[in-house]
Amino acid sequence: MIEILSPARIERARDAGRLVGTILRTLARRTQVGTNLLEIDAWARRMIEDAGAQSCYVDYAPAFGRGPFGHWICTAVNDAVLHGKPHDLRLSSGDLLTLDLAVSLRGVAADAAISLIVGEARDAQDERMIATTEQALAAGIATAGPGARVGDLSHAIGTVLAGAGYPINLEFGGHGIGSSMHQDPHIANTGRPGRGYRLRPGMMLALEPWVMADTDQLVTDPDGWTLRSATGARAAHSEQTILITEDGAEILTLPNP
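So for the sequence shown, our numbering puts the first residue at 1; every next one is plus one.
Since the hints were derived computationally from the structure, they do not count as laboratory data. Among these hints, one or two may not hold up.
Label pairs and their computed distance ranges (CB to CB) [unchecked claim]:
| hint | residue 1 | residue 2 | range |
| --- | --- | --- | --- |
| 1 | G232 | L170 | 19 to 25 Å |
| 2 | T220 | A162 | 24 to 30 Å |
| 3 | G94 | E246 | 43 to 49 Å |
| 4 | Y197 | P62 | 19 to 25 Å |
Backbone N, C-alpha and C define an ideal beta-carbon position, used for all residues, glycine too.
Please work from the sequences and hints to get the whole structure.
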């Protein structure tokens, strides 16, 4: 399903997006060496509930997962990159942490992710990888607008990722979003320009470039959810939810000033 939002629902989408961005920024600031992943999950739950919103993850049970996710945020550490299930782990200096949050507020969802280094960076390559996903995200957003095709966004994202030398996985990527977290169209992190669905004002999309340092192959943890690089290499992930407007794209998941 592809949704076109009405003006009233667009205002709700803006509220949901600001909430997601603000929670992520707050969590990133609170997280330090020694923080437990379960603490991050508890902080996210409290902020979501205090805002009168709902987590998109707690009851999330797609075919690729094992039962309901059961947590309020995804926390992926080092070689984990997607669907990281919070567990009893205290973060160490140099850990590469990805926080991925999707929230529904008054019937509209928003989704975003950030990667960050906890404490002191161990390797400049970690910072480079994070920066590359952020640059790829910016390229995809700059390409988005009415009349652009999904393949145009995929091509823009993939050009940055491949240009930096990273392999690109095509199993998981960006997606439409609206009354539910995951909708059509799928937005792969590389592709051919001029192909795919033509974007229209009122569409919401979650763009999410992610890479692993030396592979495009994933393995699944015994928890049935957490996806890691097959080689043990580190990974990074950046995501924003955007709204297609009459003249371009608006980023919805920026934090409150």
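Hints versus structure:
1. G232 - L170: 19 to 25 Å: holds (21 Å)
2. T220 - A162: 24 to 30 Å: Given range 24 to 30 Å: holds, Cβ gap about 25 Å.
3. G94 - E246: 43 to 49 Å: With Cβ atoms ~45 Å apart, the hint holds.
4. Y197 - P62: 19 to 25 Å: holds (21 Å)
Every hint, counting from the list given before, is met by this structure.
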